[in-house]
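Colleague: Residues per chain, in single letters:
Protein chains: 2
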Amino acid sequence: MRKGERTREAILERAVILFNQKGYANASMSDIMEATGLQKGGIYNHFKSKEELAVEAFEYGFQITGKAMLRYIQGRTQPLDRLKGFIEFFIEYGMHPPVMGGCILLNTALEADDTNPVLYERARQAMESWRDLLRRTIRRGIAQGQLRDTLNTEALISLIISTLEGSIMMSKLYNDVTHIEYAVEFLLQHIEHSVNV
Amino acid sequence: MRKGERTREAILERAVILFNQKGYANASMSDIMEATGLQKGGIYNHFKSKEELAVEAFEYGFQITGKAMLRYIQGRTQPLDRLKGFIEFFIEYGMHPPVMGGCILLNTALEADDTNPVLYERARQAMESWRDLLRRTIRRGIAQGQLRDTLNTEALISLIISTLEGSIMMSKLYNDVTHIEYAVEFLLQHIEHSVNV
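Taken in sequence, the protein lines are chains A and B.
FYI, the numbering for the first sequence is 2 to 198, going by our numbering.
FYI, the numbering for the second sequence is 2 to 198, going by our numbering.
Everything labelled a hint here was simulated from the structure, so no lab data went into it.
Mixed in with the good hints, there may be bad ones.
Taking lysine-lysine and the BS3-like style, the derived pairs with C-alpha atoms no more than 25 Å apart in a straight line are [stated by the list, open to error]: (1) K49(A) - K23(B); (2) K23(A) - K49(B); (3) K51(A) - K23(B); (4) K23(A) - K23(B); (5) K4(A) - K51(A); (6) K51(B) - K23(A).
On a predicted model such as this, the values are computed, not experimentally measured, just so you know.
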């Protein structure tokens with residue numbers, strides 16, 4: 002990696018934590034300068050504007066998160082096993098989020114919805130990638146006869162993500178991972194009811 | 002209501018929407034002046050600082066939300082019926098939040114957790130009031146024999162709030178209330194499994 006690329010990545014590494022903890026609008030250029038140890042010019046060498054940095058930092062953070070998720074489920078080739086892996090990952094994810102400050106997708110979605118159309122669109126795309134992963138997995142599970150074909154795939158996807166993301170909010174609010182554990186336990190039970198026996 | 006009180010309430014009415022949509026840190030004094038149509042001095046006559054206004058606006062917004070909730074469930078005296086009412090309320094709540102900009106508790110909790118200890122504490126207290134309402138209702142349901150006494154009350158409370166709050170995030174992200182409807186349907190089914198038959 003060239004020096005320029007290393008600097009760029011170092012900026013992203015620090016900026017993404019700052020944005021995830023403080024919010025995109027609330028983190029100022031001086032916060033970013035302080036976090037990266039660079040002058041304004043050094044940052045603008047790599048990113049045209051704070052807005053561009055925010056979008057790139059989100060992409061960078063979501064990529065790290067996606068990699069952690071894929072590492073967690075990579076050995077699981079059976080669809081049912083993979084689906085359960087996606088859900089169980091969130092206990093680890095809530096305790097040690099790859100980007101400090103909680104779930105980057107949850108935080109970005111809720112900040113951007115009323116204020117930042119570009120970030121809002123990126124958050125939707127990121128959410129689509131999770132929904133696609135779940136959709137493909139559930140459809141394979143149905144095709145292979147592991148899951149009942151009467152299952153409402155879209156409802157299950159929605160329920161899984163809503164419950165897990167809500168439980169991350171609760172676990173942050175109370176500083177208590179038990180909320181995620183309850184969510185995971187319930188979802189695994191719920192999926193058991195959709196398994197072909 | 003005296004004129005001073007009316008002005009105070011008018012400030013809160015507008016500020017709470019602004020904060021709920023833009024975030025507390027991101028909404029500036031000039032945004033607040035623009036939203037209320039008042040000069041800085043007119044606002045400081047009623048609130049010592051932006052921080053005080055933010056806390057009062059949250060309390061005001063959560064009170065409105067609480068009243069909407071209580072109106073929705075007030076006719077329901079049976080605990081099981083009341084519990085279902087709490088859950089069903091969220092469809093209405095997600096479609097027409099009493100404070101524009103989504104769930105004020107979810108937004109405040111996620112903004113404040115890493116940045117604003119005073120608001121974070123208020124968000125926890127607000128969440129406690131919902132948890133208490135659910136706890137009292139579930140316990141009455143168990144005491145009256147409507148709900149099974151093997152029920153894990155704390156787990157059920159956590160699941161209800163996580164699932165509903167997560168579904169509000171999803172419904173805002175996709176501008177589609179279906180996500181809340183899925184969450185409500187799942188929770189009502191889940192509670193049916195805990196009903197004594």
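Colleague: Hint by hint, note whether the structure agrees.
Modeller: Evaluated hints:
1. Only pairs whose Cα atoms come within 25 Å are accepted, and K49(A) paired with K23(B) is accepted, the gap being roughly 24 Å.
2. Taking the CA atoms of K23(A) and K49(B), the gap is about 24 Å. The hint holds against a cut of 25 Å.
3. Our distance criterion of 25 Å between C-alpha atoms is met by K51(A) and K23(B), whose separation comes to about 17 Å.
4. Taking the CA atoms of K23(A) and K23(B), the gap is near 13 Å; set against the 25 Å cutoff, the hint holds.
5. Pair hint K4(A) plus K51(A) holds up; C-alpha atoms about 22 Å apart against a cutoff of 25 Å.
6. Annotation: proposed proximity of K51(B) to K23(A) holds, straight-line Cα distance about 17 Å (limit 25 Å).
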